[in-house]
Amino acid sequence: MRRGVLLAGIVAAVVAAAVLAYFFVYLPSQQRGKIKVVVYAYLDRITGIDPSIEDDTGIPVIGVVYETLVRYDPATGDVVPVLAESWEHSEDGTLWTLRLRRGVVFHDGTPFNSTAVKLSIERAKGIYEKFGRGSGYIWSSVEEVEIVDEYTVNIRLSYPTRLDLMAAAIYSAYIFSPSALAKAGVDSPLDPELESWFNQGNDAGSGPYYIEYYSPESEVRLRKFEKWWGWSLVNNPDAPDVVVIKIMTDPLSQYNGLLAEEVHIASSVPRANVGDLASRGFKVLNVTLFHNYLLLFNIRRYPTNITSFRLAVIHAIPWEELVQVALRGFGRVGKGLIPHGFPGYDERLAYKYDLTLAREYLQESGVPKGTTIEFVYQGEYEENEAFAQLLKSRLAEIGITVELKPLPWIAVKDAGKAVWEDADRAPHLIISDWWPTIPSPYEFLALLHSTNTEWNWAGYNNAEFDELLDKAYELEGEDYELALQLYARAQKMVFDEGVAVNLWDEVRPFVVSSRVDLPEDALNPLYIYVIRFELVKVRD
Amino acid sequence: MPLSLSYLVKRVAWSITVIVGVVVLSYLIIILSPGDPAVKWAGHPRGPGAAKAVEQARKELGLDQPLHTQILNFLRMVFTGDLGLSIAYRQPVYDVLWRNLAATLELLLVAYAIGVPLGSFLGVFAALRRGKRVDGVLQAIGTVFANTPTFWLGLAIFMALLPSGFTAYGRVNVSLALSTGFYTITGLYLLDALLQLNFPVFVDALNVSLALSTGFYTITGLYLLDALLQLNFPVFIDALIRLLPPALAVAAYPVGVCLRIGRTLMADALLEEYVRAAAAWGVKRRTIVWRYAFRAALPGLVQVSGLAFAYSLVDAMVVEYVFGREGLGRLLYDAVSVNDFRLAIGLLVIVAAFYLIVNTLADIAQALIDPRVRL
Numbered sequence: 001m002r003r004g005v006l007l008a009g010i011v012a013a014v015v016a017a018a019v020l021a022y023f024f025v026y027l028p029s030q031q032r033g034k035i036k037v038v039v040y041a042y043l044d045r046i047t048g049i050d051p052s053i054e055d056d057t058g059i060p061v062i063g064v065v066y067e068t069l070v071r072y073d074p075a076t077g078d079v080v081p082v083l084a085e086s087w088e089h090s091e092d093g094t095l096w097t098l099r100l101r102r103g104v105v106f107h108d109g110t111p112f113n114s115t116a117v118k119l120s121i122e123r124a125k126g127i128y129e130k131f132g133r134g135s136g137y138i139w140s141s142v143e144e145v146e147i148v149d150e151y152t153v154n155i156r157l158s159y160p161t162r163l164d165l166m167a168a169a170i171y172s173a174y175i176f177s178p179s180a181l182a183k184a185g186v187d188s189p190l191d192p193e194l195e196s197w198f199n200q201g202n203d204a205g206s207g208p209y210y211i212e213y214y215s216p217e218s219e220v221r222l223r224k225f226e227k228w229w230g231w232s233l234v235n236n237p238d239a240p241d242v243v244v245i246k247i248m249t250d251p252l253s254q255y256n257g258l259l260a261e262e263v264h265i266a267s268s269v270p271r272a273n274v275g276d277l278a279s280r281g282f283k284v285l286n287v288t289l290f291h292n293y294l295l296l297f298n299i300r301r302y303p304t305n306i307t308s309f310r311l312a313v314i315h316a317i318p319w320e321e322l323v324q325v326a327l328r329g330f331g332r333v334g335k336g337l338i339p340h341g342f343p344g345y346d347e348r349l350a351y352k353y354d355l356t357l358a359r360e361y362l363q364e365s366g367v368p369k370g371t372t373i374e375f376v377y378q379g380e381y382e383e384n385e386a387f388a389q390l391l392k393s394r395l396a397e398i399g400i401t402v403e404l405k406p407l408p409w410i411a412v413k414d415a416g417k418a419v420w421e422d423a424d425r426a427p428h429l430i431i432s433d434w435w436p437t438i439p440s441p442y443e444f445l446a447l448l449h450s451t452n453t454e455w456n457w458a459g460y461n462n463a464e465f466d467e468l469l470d471k472a473y474e475l476e477g478e479d480y481e482l483a484l485q486l487y488a489r490a491q492k493m494v495f496d497e498g499v500a501v502n503l504w505d506e507v508r509p510f511v512v513s514s515r516v517d518l519p520e521d522a523l524n525p526l527y528i529y530v531i532r533f534e535l536v537k538v539r540d
Numbered sequence: 001m002p003l004s005l006s007y008l009v010k011r012v013a014w015s016i017t018v019i020v021g022v023v024v025l026s027y028l029i030i031i032l033s034p035g036d037p038a039v040k041w042a043g044h045p046r047g048p049g050a051a052k053a054v055e056q057a058r059k060e061l062g063l064d065q066p067l068h069t070q071i072l073n074f075l076r077m078v079f080t081g082d083l084g085l086s087i088a089y090r091q092p093v094y095d096v097l098w099r100n101l102a103a104t105l106e107l108l109l110v111a112y113a114i115g116v117p118l119g120s121f122l123g124v125f126a127a128l129r130r131g132k133r134v135d136g137v138l139q140a141i142g143t144v145f146a147n148t149p150t151f152w153l154g155l156a157i158f159m160a161l162l163p164s165g166f167t168a169y170g171r172v173n174v175s176l177a178l179s180t181g182f183y184t185i186t187g188l189y190l191l192d193a194l195l196q197l198n199f200p201v202f203v204d205a206l207n208v209s210l211a212l213s214t215g216f217y218t219i220t221g222l223y224l225l226d227a228l229l230q231l232n233f234p235v236f237i238d239a240l241i242r243l244l245p246p247a248l249a250v251a252a253y254p255v256g257v258c259l260r261i262g263r264t265l266m267a268d269a270l271l272e273e274y275v276r277a278a279a280a281w282g283v284k285r286r287t288i289v290w291r292y293a294f295r296a297a298l299p300g301l302v303q304v305s306g307l308a309f310a311y312s313l314v315d316a317m318v319v320e321y322v323f324g325r326e327g328l329g330r331l332l333y334d335a336v337s338v339n340d341f342r343l344a345i346g347l348l349v350i351v352a353a354f355y356l357i358v359n360t361l362a363d364i365a366q367a368l369i370d371p372r373v374r375l
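Those protein sequence lines, which keep their order, are chains A and B. For reference, each letter of the first sequence is one residue, going 1 to 540 in this note's numbering. For reference, each letter of the second sequence is one residue, going 1 to 375 in this note's numbering.
To be clear, the hints were calculated from the coordinates, so they are not data collected in a lab. Heads up, some of the hints might be wrong.
Partial chain A-side listing against chain B, Cβ under 7 Å, derived [to be verified]:
hint: 1; residue: Arg-3
hint: 2; residue: Leu-6
hint: 3; residue: Gly-9
hint: 4; residue: Asp-44
hint: 5; residue: Gly-48
hint: 6; residue: Asp-56
hint: 7; residue: Val-244
hint: 8; residue: Glu-262
Keep in mind that this is a model prediction, so the values were computed, not measured. Yeah, the Cβ is synthetic: ideal placement off N, Cα and C, and Gly gets one too.
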């Protein structure tokens, strides 16, 4: 009996202690909010954080921890200074002089200077040339990076290009501290050990936040870098002290995270739940990204080798319905090949939904009714599936049968590339989603260049088109306006032939908790998923 | 000593065979399924040199070798304990595994600590009331608990909690963990820092930014233990209240199994003649139940608990996914989806080894408890 009383007493004491601790320690500590924390839910696991190599899902980390020489400004279509304060180029566009920002330090205290710029550019370029990895091809025109003095570099090009646009690239344009080599214990910047050192969670950047904890499968924690040169310029005392990039690969988990107040900014909640979150007081920022979904026609296989047949298919696409119903409004009707707001975008290159016209084109093509065509797309995307069903139903109305083949990404790519080896083995229609590395129309139009057998899934081989593109690219450094005109002609050419069409540009809803203020400037359609946290405000 | 050398040799040989089987089968399944690990290893290159990068990646991963050579090489990597870098994360496989293993183990241990004693106790309780209504009800509960899909149960608990505003999402409130590194208890900073074993703040008690920046940090990866070691009670409570709902879901199976088996073993033991003799001798009922009858049922319960523990590992891997917790379940799903065969197989080897070790330990424990058992 006595033992029972003692046991009951112990249990009562434990319960009482737990209740007291809950009310007097746990709850008050939750409301205290000593430091400003922002948790950003991100859909993908981080594949790497090497600033010269990573061109996959590590960009939301790299884009905050590292800085480029300049940043692309979507409002003006031009670039703004970051680590480079000013720049000029020779008349023929082959010699660029960059004056670097003074007073910048990397996270380890090393001063930023010309050596860092030379090393960063040469490493990205060298790794691409040696291993084919990363996006160092953006520097392919660079012949030499010459250090003039500590804060001036001359970059000599083998042919004129817009070096300022290259330097604003989303990949392989980040500047890192030369001290990384010694820390990684390597002599050569191309040594694979340096990549391993970065991927252990080490950083050598100069951005407003540095890496405090790196677990690429679950969470990356960034802490405010008090010595960042830009704090006085952004003048934001409410910027987060700590940013947690939380990997939440299931969109529903991001939704639950927002409701549980565990997440403050979510990049990928289910589209169907966005309205619900808005009604609960969450702010929704819809950003039109430079990321589009292109429908490519196999022009080497019957019947998609016939222009009027392709135009019949294109005019059977219910464009508005596609965006409003299939995409739930989270998309913009595609025009030409280039997305909204991107250099070279042409509002006039739009097709209309007209089944009568589609029937006329079909008749003109001579393709009999009842013909079956194959359509391959990436099955993991619900948007693709929705579009495929829409297209199938509309083409059925004009007598064309569509065999749908949803496949995993790698199988889609293999099917697309097959057009160059055996066109009859490749599908008639295929969807490719694309986003640019640098802000140049070349990025989208080169998808149809005949030398691009890796991604030109249409099998398009038009010498005139190729020549226009090559010429325009070379002209970018000398006469940008003229280059844009040539790009426009090339884009019009494929539009008229119906070789490939931009179905829609992605509109991504970023859902934000009421505790956080995410200004529109903090998101940039070129740097997908990168948030400029230095502009974010956290409310108490 | 109830353990013989031949038992140990047989066990080791069997374990190696199982591990080889797991590696070979999983390697074949992952490599022959759609998707190319070399593309991932190359970083999904999009530029003009993409083909070159993928080719180089294929060489680095040894995927350009004949299949049997690949398997032999991989087996060598497994048995030398060096699985290299994960294809998805480019970090050592064992580093990634350890970070996530701790999360799953924590869930499993708490579930087990709830499930086995509770199930056993209820089994004994039912056996003592054999044939009565309460026995029937408890047996029904045991059957339901042992057979309910844990994934469904986890989801049901989560959905039931959601409307009430109480969510058990994730392992810990990140903002809380970051902001409660140091907190005031008495107001005397030195004393408070000492009480919380926060030595950086103890040394520099006036440095406010330092106090703020020494948030909760992981030591073992088991958050409950880590929070206790740092005397960080807010984080301990937060981690616990997030852990309990998924732990209850995982505990359902051990509760059900231990209840049913415990009830059967106990009911049999209570019918033994020595129990009746003890009762005739006037031995106290509590002594008869716990010291004689339960002790006889214990070896069987230990064996079943061992199996339930290993089985619950898979349950924990599933349930943690539902509750948004990191751990082996999510890791495996992600690894398979990107053809990261190194990480996926490393994980499966750990799970297989876990099964083998727990089963062996259960055998040994049974032999130690029951003098009739010889291994």
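So, going through the hints one by one against the coordinates:
1. With its C-beta approaching chain B no nearer than about 11 Å, Arg-3 of chain A sits outside the 7 Å limit, and its interface hint is violated.
2. A cut of 7 Å between beta carbons decides the hint on Leu-6 of chain A: the least distance to chain B is about 16 Å, and the hint is violated.
3. Against a cut-off of 7 Å between C-beta atoms, the interface hint on Gly-9 of chain A is violated, since the closest Cβ of chain B lies about 20 Å away.
4. At its closest, the beta carbon of Asp-44 of chain A sits 10 Å from a beta carbon of chain B; the interface hint therefore is violated under the 7 Å criterion.
5. A distance limit of 7 Å between C-beta atoms decides the matter here; for Gly-48 of chain A the minimum to chain B is near 5 Å, and the interface restraint holds.
6. Nearest Cβ of chain B to the Cβ of Asp-56 of chain A: about 5 Å, under the 7 Å cut. The hint holds.
7. Annotation: interface hint on Val-244 of chain A holds; nearest CB of chain B at approximately 5 Å, less than 7 Å.
8. Given hint, Glu-262 of chain A at the interface with chain B, holds; its Cβ is 6 Å from that chain's nearest Cβ, closer than 7 Å.
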